[in-house]
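Chemist: Here are the chains, one letter per residue:
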Amino acid sequence: MRITLTVNGEDHTVDVRGAESLLHMLREDLALPGSKNACEHGECGSCSVVLDGELVCACLVMAADAAGSTVRTVEGYADGDTLHPVQQALLDAGGVQCGFCTPGFVVAAAELFDENPAPTADELREALAGNVCRCTGYGAILRGLESLAAGTAGSVS
Amino acid sequence: MTVEAPTRTGITGGVGTSATRPDGIPKLTGNYAFGSDISAQGMLWGATLRSPHPHARIIRLDTAPALAMPGVAAVLTIDDVPGRKHYGLEHADQPVLSDGIVRYWGEPVAVVAADDLEDATRAVAAIVVEYEPLEPLVDSEVAVERGEVFRTINVRRGDRDATGPVVVEGFWETGMQDQAPLGPESGLAIPDGQGGIDLYVATQWTHTDLGQIVASLGVTEGQVRVHHAGIGGAFGAREDVSIQIHSCLLALATGRPVKMVYDRKESFVGHVHRHPSRLWYRHEATEDGDLVKVTVRMVLDGGAYASSSPAVIANASYFAVGPYRCDNVFVEAHITRTNNPPCGAMRGFGAVQACFGYESQMDLLAGRLGMDPLELRLRNALAPGDVMSTTGQVIQGSLPTARVIEELRAMPLPDAVPATHPLHLPGGTGLTTDPRHVRRGVGYAVSMKNLAFSEGFDDYAEVRVTITPAGVEVHTAAAEVGQGLVTVCQQIARSVLGIQQVAVVLDDTSMIGSAGSTSASRQTQMTGGGVEAVATELRRMILDEHDGDDLDDTGVWRGGELIVPLERLAAVGPATHHLRFRHPPTDIPDENGQGDLHVDFAVAAHRAVVEVDPELGLLRVVAVDTVQDVGTVLNPAALLGQVEGGIMQGVGLAVMEEIVLDDGVIKNASFTDYLLPTFADAPSVTARFVEEPSHFGPFGAKGAGEPPTISSTAAIAAAIRDATGLPITRVPVRPDDIALAAASRSG
Numbered sequence: 001m002r003i004t005l006t007v008n009g010e011d012h013t014v015d016v017r018g019a020e021s022l023l024h025m026l027r028e029d030l031a032l033p034g035s036k037n038a039c040e041h042g043e044c045g046s047c048s049v050v051l052d053g054e055l056v057c058a059c060l061v062m063a064a065d066a067a068g069s070t071v072r073t074v075e076g077y078a079d080g081d082t083l084h085p086v087q088q089a090l091l092d093a094g095g096v097q098c099g100f101c102t103p104g105f106v107v108a109a110a111e112l113f114d115e116n117p118a119p120t121a122d123e124l125r126e127a128l129a130g131n132v133c134r135c136t137g138y139g140a141i142l143r144g145l146e147s148l149a150a151g152t153a154g155s156v157s
Numbered sequence: 158m159t160v161e162a163p164t165r166t167g168i169t170g171g172v173g174t175s176a177t178r179p180d181g182i183p184k185l186t187g188n189y190a191f192g193s194d195i196s197a198q199g200m201l202w203g204a205t206l207r208s209p210h211p212h213a214r215i216i217r218l219d220t221a222p223a224l225a226m227p228g229v230a231a232v233l234t235i236d237d238v239p240g241r242k243h244y245g246l247e248h249a250d251q252p253v254l255s256d257g258i259v260r261y262w263g264e265p266v267a268v269v270a271a272d273d274l275e276d277a278t279r280a281v282a283a284i285v286v287e288y289e290p291l292e293p294l295v296d297s298e299v300a301v302e303r304g305e306v307f308r309t310i311n312v313r314r315g316d317r318d319a320t321g322p323v324v325v326e327g328f329w330e331t332g333m334q335d336q337a338p339l340g341p342e343s344g345l346a347i348p349d350g351q352g353g354i355d356l357y358v359a360t361q362w363t364h365t366d367l368g369q370i371v372a373s374l375g376v377t378e379g380q381v382r383v384h385h386a387g388i389g390g391a392f393g394a395r396e397d398v399s400i401q402i403h404s405c406l407l408a409l410a411t412g413r414p415v416k417m418v419y420d421r422k423e424s425f426v427g428h429v430h431r432h433p434s435r436l437w438y439r440h441e442a443t444e445d446g447d448l449v450k451v452t453v454r455m456v457l458d459g460g461a462y463a464s465s466s467p468a469v470i471a472n473a474s475y476f477a478v479g480p481y482r483c484d485n486v487f488v489e490a491h492i493t494r495t496n497n498p499p500c501g502a503m504r505g506f507g508a509v510q511a512c513f514g515y516e517s518q519m520d521l522l523a524g525r526l527g528m529d530p531l532e533l534r535l536r537n538a539l540a541p542g543d544v545m546s547t548t549g550q551v552i553q554g555s556l557p558t559a560r561v562i563e564e565l566r567a568m569p570l571p572d573a574v575p576a577t578h579p580l581h582l583p584g585g586t587g588l589t590t591d592p593r594h595v596r597r598g599v600g601y602a603v604s605m606k607n608l609a610f611s612e613g614f615d616d617y618a619e620v621r622v623t624i625t626p627a628g629v630e631v632h633t634a635a636a637e638v639g640q641g642l643v644t645v646c647q648q649i650a651r652s653v654l655g656i657q658q659v660a661v662v663l664d665d666t667s668m669i670g671s672a673g674s675t676s677a678s679r680q681t682q683m684t685g686g687g688v689e690a691v692a693t694e695l696r697r698m699i700l701d702e703h704d705g706d707d708l709d710d711t712g713v714w715r716g717g718e719l720i721v722p723l724e725r726l727a728a729v730g731p732a733t734h735h736l737r738f739r740h741p742p743t744d745i746p747d748e749n750g751q752g753d754l755h756v757d758f759a760v761a762a763h764r765a766v767v768e769v770d771p772e773l774g775l776l777r778v779v780a781v782d783t784v785q786d787v788g789t790v791l792n793p794a795a796l797l798g799q800v801e802g803g804i805m806q807g808v809g810l811a812v813m814e815e816i817v818l819d820d821g822v823i824k825n826a827s828f829t830d831y832l833l834p835t836f837a838d839a840p841s842v843t844a845r846f847v848e849e850p851s852h853f854g855p856f857g858a859k860g861a862g863e864p865p866t867i868s869s870t871a872a873i874a875a876a877i878r879d880a881t882g883l884p885i886t887r888v889p890v891r892p893d894d895i896a897l898a899a900a901s902r903s904g
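First to last, the protein sequences are chains X and Z. Counting with the numbering used here, you get residues 1 to 157 for the letters of the first sequence. Counting with the numbering used here, you get residues 158 to 904 for the letters of the second sequence.
Note that these hints are calculated values from the structure, not bench results. Keep in mind the model is a prediction, meaning the values are calculated, not measured. Fair warning: there could be bad hints in the mix.
Stated by the list, open to error - From the structure, some residues in chain X lie toward chain Z, with a derived Cβ separation under 7 Å: (1) Gly18; (2) Glu20; (3) Pro33; (4) Cys39; (5) Ser46; (6) Gly80; (7) Thr82; (8) Gln87; (9) Phe100; (10) Pro103; (11) Leu112; (12) Phe113; (13) Val132; (14) Ala149; (15) Gly151; (16) Thr152.
To be verified - Ranges between beta-carbon positions, derived for each pair: (17) Asn116/X / Asp296/Z: 14 to 22 Å; (18) Ala900/Z / Glu115/X: 42 to 50 Å; (19) Gly412/Z / Thr6/X: 53 to 61 Å; (20) Arg891/Z / Pro117/X: 35 to 43 Å; (21) Arg737/Z / Asn116/X: 50 to 58 Å.
As the list claims (entries may be wrong) - If you want the ones that stay clear, here's a sample from chain X, every Cβ over 10 Å from chain Z, calculated: (22) Glu40; (23) Val96; (24) Leu124.
Glycine included, every Cβ here is placed at the ideal spot set by N, Cα and C.
The task is simple: from the sequences and hints, build the whole structure.
Modeler: Written out as structure tokens, the structure is:
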């Protein structure tokens, strides 16, 4: 079926197949591979995107159900060469290693900060417990986001 | 016109700083191309038919129905492998596609290329296979009895008749752990139109892939170029070939680019795992706590094919006693061939299993002696100049065993604070734990690991450094798996050359020689060591040639004057240098496992604090603090990231991560059922580093990736024992190991 939707501010018309997931559509049809395909069971958060204001795992959403929706993916956070404050905070703190979970953390953390600009460490842990990182042990991610919450992250004033 | 006199530039981001990674921004913005992200015009998708049986004979295999389907370009079986039919890291014992017998659940039987993944998946389902199931051999002890072993090692050192008055014996087990890198196995093979291939793949070692690919394709090394695609973590899972040979075969058969990406279920059978182990230990000591004799029998299950099992059992054997002195050591170690999933490299590589055994024993012994567990360890701590208890090797270089223990002991324990959030309770937000039942425990463990390759392996890393008008290029074939090698190479080149602008170029296999594997905690020392050596020599060549006294981003200086601008230096030279960096050689072991088998070592100590609800069997790892021997700190933030991430994998093995098998079949091949530690499971980590320089690493650095994973598991098990009084003889510790055992004790 043919659907239209808005992704990172751009309108798209896509022919989607019945069982196709939003993740597959973003990666394969719209050439937006930033959202990652790590488990495709909604367990790891690597494919986190914002769908009509809700944080979702794109692997669990049918592409057809995104018809008429507005989607924001990891590609939609930096403004040209200027990183989103969450991205900058993760970079400065060393919160990126292999980077496969990173897009999901960027999207999930940015959404959290939208709702709660000064989350506590426990709030960060709870909000991000749906995003699995296999490299960092979460320490540097937590330090980066705590600095952001405290207004002391690297280049973020 | 005024010409401004050039001024000297300084460098930032040199050795010792937390320089940020050069690939950080593309990874944060979604623009970094991982193996599963790349594509090519006219590309086909590959898919794999896998065995539903752990052991069976194929009595009929008919690919015609699949070939007849729309969109299908090729269906290949072992008959279509033009070259060597088998491959393997150490022994070529694994069929490229099944050779008529399947030997593990998930073994590849046929591969398909089709217009898209859906077509390929449908075609896989259309292949007709009739199997005659055979009895699977799944018990490693039975395998030993039948002589089904990849390698047996006997370490015999000292007097077998020696005895000590204090004896403790134990039987310890560890489960099968998955590396679970988030990035799936993935790659893209592009035919070059002349019988050759360019393969872009997420791998830990392009050159060892190359050798295996060309052997099975029946082509020359010059016809295949293996390029690095972006790698989403590795931890040992990418040492063995996965999609490499299959995608190249399909690309040659179809003349079109072929992409292969495993999904998570397939990934669980698409790479090897950490060997499950059974460990029998007997420690004999004096009344004062000096080790007199250690006797060990260990059986690790290698599963269906050899992979790196022969090297894993070597590590388990040589590190069977840990960082302790003992004059009489006897280890009998087997690594078995069964119909379980193949096991191979995972972070810690045999040392993890042994550590759970010897550290559990050291705690038992301390208990028997009525001695403080850390005092017992300090009393026997191995130091430079001592003889390694297993191999007889005299320890060269640094080995601050006593220091890591003493510094860890001096670190303050986390306060026992009342839970202010359900996340702080065992069982978390399930709100099932009554805080009044929670008991806290503290446990310690210490470990020792070899760095780089051992047992006489010709271990080298080739590096080229080139001056360009823009700065410096460092060329290597080393795999950047996420650990930050690219950052460390930049830092070393900056500090040696005095030039700020450094680009690290990951060359394909035709452009440069091997860097060796990104494993064995070796790349900082080997490729990093290569960068230090090449850059040092290039700087000397440049200054000699131009009679200069300094070098920076502007060029060559003499007496405060710029004499050769960088752009001209890049043109007139000397502008490039390369070499194969080798570490000092090691011995091949004799029949008793004796010899100078290892080039360097690192020790680490961990202290775990856990809180346990014994009624429910739930627990929370509150803190894991560590002191680690790192030689020199090259990048504090990256090092801490390795330590925290490594500890987390140790937490996983201690309390949740295990591949569950039923007669050789994996029952939990998904992230729904194979549990990985999340933010909610993450303990606080405080890490300190002991800097006693290595005898060969760049700026004195040691490898640091594996030690955090080795003793953290054993420390957590010790803490659970402390909290519960239970023996805890197996990891991962499951809720019923605590709840049922506690109930039967009190009942």
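Chemist: Now, for every hint given, state plainly whether the structure supports it.
Modeler: Hints, one by one, checked against the model:
Of the supplied interface hints, the one on Gly18/X is violated, with its beta-carbon coming no nearer than about 10 Å to a beta-carbon of chain Z, more than 7 Å. A cut of 7 Å between beta carbons decides the hint on Glu20/X: the least distance to chain Z is about 9 Å, and the hint is violated. Look at Pro33/X: its Cβ gets to within about 4 Å of chain Z, closer than 7 Å, so that hint holds up. Interface restraint check: Cys39/X against chain Z, minimum CB-CB distance 4 Å, threshold 7 Å, status holds.
Look at Ser46/X: its Cβ gets to within about 6 Å of chain Z, closer than 7 Å, so that hint holds up. Nearest Cβ of chain Z to the Cβ of Gly80/X: about 11 Å, over the 7 Å cut. The hint is violated. Against a cut-off of 7 Å between C-beta atoms, the interface hint on Thr82/X is violated, since the closest Cβ of chain Z lies about 11 Å away. Checking Gln87/X against chain Z by beta carbon gives a least distance of about 4 Å; that is within 7 Å, so the hint holds.
At a threshold of 7 Å, the smallest CB-CB gap from Phe100/X to chain Z is about 3 Å, leaving the interface hint in force. Taking 7 Å as the C-beta contact cut-off toward chain Z, the hint placing Pro103/X at the interface holds, the least distance being around 5 Å. Against a cut-off of 7 Å between C-beta atoms, the interface hint on Leu112/X is violated, since the closest Cβ of chain Z lies about 12 Å away. Violation of the interface hint for Phe113/X is found here, the shortest Cβ-Cβ separation to chain Z being roughly 15 Å, above the 7 Å cut-off.
Evaluation of the Val132/X hint against chain Z yields a held restraint, the C-beta minimum of about 5 Å falling below 7 Å. Among the interface hints, the one on Ala149/X is violated; its C-beta lies about 15 Å from the nearest C-beta in chain Z, farther than the 7 Å criterion. Hint status for Gly151/X relative to chain Z: violated, with the closest Cβ pair at about 20 Å, above 7 Å. Because the closest C-beta pair between Thr152/X and chain Z is about 16 Å apart, greater than 7 Å, the hint is violated.
Between Asn116/X and Asp296/Z the CB atoms are about 53 Å apart, so this pair departs from the stated range of 14 to 22 Å. A C-beta distance of roughly 44 Å is found between Ala900/Z and Glu115/X, which places it inside the suggested range of 42 to 50 Å. At roughly 40 Å, the beta-carbon separation of Gly412/Z and Thr6/X lies outside the given 53 to 61 Å, and the hint is violated. For the pair Arg891/Z and Pro117/X, the supplied restraint of 35 to 43 Å holds, since their beta-carbon distance comes to about 41 Å.
Roughly 54 Å separates the CB atoms of Arg737/Z and Asn116/X, a value that falls within the hinted 50 to 58 Å. With a least beta-carbon separation of about 6 Å from chain Z, Glu40/X fails to lie farther than 10 Å from that chain, contradicting its non-interface assignment. With a least CB separation of 5 Å from chain Z, Val96/X falls inside the 10 Å interface cut-off, contrary to its annotation. Distance check on Leu124/X: its Cβ comes as close as 8 Å (rounded) to a Cβ of chain Z, failing to clear the 10 Å threshold; non-interface status is violated.
Comparing the model with each earlier hint shows violations of hints 1, 2, 6, 7, 11, 12, 14, 15, 16, 17, 19, 22, 23 and 24; every other hint is respected.
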